[in-house]
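Novice: Letter by letter, the chains look like this.
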Amino acid sequence: MQNQAVSVDERELQARSMAEDVARRSYGKLVAFLAARTRDVAGAEDALAEAFVSALADWPRNGCPANPEAWLLTAARRKAIDGYRGQQRHNEAANEIKAMNDGLEAAEKHSQIPDQRLGLMFACAHPAIDAAVRAPLILQVVLGLDAAAIGSAFLVSPAAMGKRLVRAKEKIKQAGIPFVIPEREELAAKLDVVLDAIYAAFAEGWTDPTGGDVARRDLTEESLFLARLVVELLPNSPEAFGLLALMLHAEARKLARRTAEGEFVPLAEQDVGLWDSAMITEAESLLRRASKFQSPGRYQLEAALQSAHVHRLRTGQWNWPDVARLYDALLSITGSPVVAINRALAIAEVDGAEAGLRILEKLSNDPRLAEYQPYWAARAELFARTDKKEEARKAYEIAIGLEKDPVVRRFLQKRQSTLEF
Amino acid sequence: MQYLLMLYADESGWGKMTKAEQEQGYAAYMAYTEALKKAGAWVGSNRLQPISTATTVKNTNGKAQVLDGPYVDSKEQLGGYYLIDVPNLDAALSWASRCPGAGHGTIEVRPIWSM
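First to last, the sequence lines map onto chains A and B.
Residues 1 to 421 in the working numbering are what the first sequence spells out, letter by letter.
Residues 1001 to 1115 in the working numbering are what the second sequence spells out, letter by letter.
Next comes chain B alone, as it looks inside the complex:
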């Protein structure tokens, strides 16, 4: 089954880190991604730009309404994702708990709707 791991964290945390800490954090994500690939579980992953770059779109009466800012304003923001393919929820949760993001934020695990 495929699962999307959505990484939520307070994005202002990154800017408060020293350069050395940022490098360490980056290396941890690289190692995690590598481990997923080695296990044959990695399907895709990306880091997102901060919510200051977000724009929302909604069509009302056939007219697109475009607004500056994220869909929800919250203390922790969606900062990236991993799409993984594993046998079941336990395996997905186990990978989520190893993700560096679980240490400085929250990870939401959602099964992909299979068509």
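Same shape as in the complex, but just chain A:
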């Protein structure tokens, strides 16, 4: 009896671990497949959730299936069909049942479930979907994160985030947004939206460098997973390589960004030994692959800049002219005032602080920068280098007043206090 009890426990553990594994690896794949024809993402998610519940009851009793994905799909299909039968709108329900059956027959013919996650991502990042909800939507439907986790990462209440997600899914279904990979001529522009959504999720996760906030830390990992998925499914898209390379470069320096006491460490002062070399090597190899396509874009240039900074700090080789040229190219693509600030700082290294200041001065008319902390910090830094201490002090004062993160604020205050009068 005791033996049997142990083996039941073991079987339960085994079932649970298999279910978790499938959820982690294939959640989005199953949702995409179930919803591809009906476009009913919420319905597919509900059916899949019920299928997972059935699996946890069934697998310990009857043993884990050889193909858990197929088992879950069959169970989810049954739930979905029951769900549609319960609906009063018979015509629509009949159509959806037919669509779902057609899809399953197609899946049964192939031993592998076709991967439609990319089509699902394009639907989530469709221009008809509110831009602010695209990244959260991808995180939910492709990775299965719940509204509470996503809401906390994007600083939105779980209830409000939940409402936005429901509304977006409803729009996909009712407005007929297709799950398709765009045609070649449209692909690059539409892929940019998907990449931007993944990068937005990554940036949300990245603002918590100490990793204290679990929801945010997960977001970095999850967005890396998504970027890898896009690279795998679209192996001819250099910008996807660029994005993954950029994210890996950032992630590689995670441990070096704060001291043991939690103080902010600027890039130039980081301990190179704390960087993750494997990630940097992977990023570099992705960039080399991207460059073969001879089709530079925003993410490739940003990754190339990270690569140039890493190279300089590792080898001590002075490469600021290259950095300045990369910023020139990036500025001409994005027109972003943030890029313009970094370009001014690079030019300050090449032609002197005065030259950098002149560029920053020209940017001072841009209203977007008046409340942008890094602009004032850059001015302060260059004023300090040209010995204009009063101007430097004032610029630091504004930068400190604008900063949200207490760690960065302390860093700026320290810089300000080192000005000697």
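Keep in mind that the hints are not guaranteed to be accurate.
[Unchecked claim] In silico DSS-like links for lysine-lysine, alpha-carbon gap of 30 angstroms or less:
| id | chain 1 | residue 1 | chain 2 | residue 2 |
| --- | --- | --- | --- | --- |
| 1 | B | Lys1075 | A | Lys171 |
| 2 | A | Lys190 | B | Lys1038 |
| 3 | B | Lys1038 | A | Lys173 |
| 4 | A | Lys173 | B | Lys1037 |
| 5 | A | Lys394 | A | Lys362 |
| 6 | A | Lys362 | A | Lys388 |
| 7 | A | Lys29 | A | Lys98 |
| 8 | A | Lys190 | B | Lys1037 |
| 9 | A | Lys163 | A | Lys190 |
| 10 | A | Lys414 | A | Lys394 |
| 11 | A | Lys404 | A | Lys362 |
| 12 | A | Lys254 | A | Lys404 |
| 13 | B | Lys1037 | A | Lys171 |
| 14 | A | Lys171 | A | Lys29 |
| 15 | A | Lys414 | A | Lys362 |
| 16 | A | Lys98 | A | Lys171 |
| 17 | A | Lys173 | A | Lys98 |
| 18 | B | Lys1016 | B | Lys1075 |
What the hints contain is simulated information worked out from the structure, not anything from laboratory work.
Go by the hints and put chain B onto chain A.
Specialist: Just chain B now, kept in the frame of chain A:
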């Protein structure tokens, strides 16, 4: 799926056009309608008289209230529509972007509620 393309534009624009421009504009709409028909996407379409001809009706306490004028007074007015049948939203948006109305106004694309 069926979609209604609602064409909004500043209706005073038409009167400011020369006769030749009006003819050209008219021909562009004819060609667009023809293209929709050829593609098998056209279900119906109409141009509306200006909002000066509009009347609104609302029943309050079982009594019809009839008022002169449009429902909303805005800078751009609903001036016509196309009802089309296409596979998905992307196809509908692609047709909307080809419509001459997208050049001198705004087109709202709405899926039809299927019964």
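Novice: If a hint holds in the structure, say so; if it does not, say that too.
Specialist: Hint by hint, here is what the structure shows:
1. B/Lys1075 to A/Lys171: holds (27 angstroms)
2. A/Lys190 to B/Lys1038: holds (28 angstroms)
3. B/Lys1038 to A/Lys173: holds (28 angstroms)
4. A/Lys173 to B/Lys1037: It holds: about 26 angstroms lies between the C-alpha atoms, which stays within 30 angstroms.
5. A/Lys394 to A/Lys362: holds (18 angstroms)
6. A/Lys362 to A/Lys388: holds (18 angstroms)
7. A/Lys29 to A/Lys98: holds (20 angstroms)
8. A/Lys190 to B/Lys1037: holds (29 angstroms)
9. A/Lys163 to A/Lys190: holds (25 angstroms)
10. A/Lys414 to A/Lys394: The hint holds at about 14 angstroms.
11. A/Lys404 to A/Lys362: Answer holds: A/Lys404 to A/Lys362 is near 26 angstroms, not above 30 angstroms.
12. A/Lys254 to A/Lys404: holds (20 angstroms)
13. B/Lys1037 to A/Lys171: holds (28 angstroms)
14. A/Lys171 to A/Lys29: Between A/Lys171 and A/Lys29 the Cα gap is close to 21 angstroms, so the pair holds against 30 angstroms.
15. A/Lys414 to A/Lys362: holds (28 angstroms)
16. A/Lys98 to A/Lys171: The hint holds at about 22 angstroms.
17. A/Lys173 to A/Lys98: At roughly 16 angstroms apart (the allowed maximum being 30 angstroms), A/Lys98 and A/Lys173 satisfy the hint.
18. B/Lys1016 to B/Lys1075: holds (16 angstroms)
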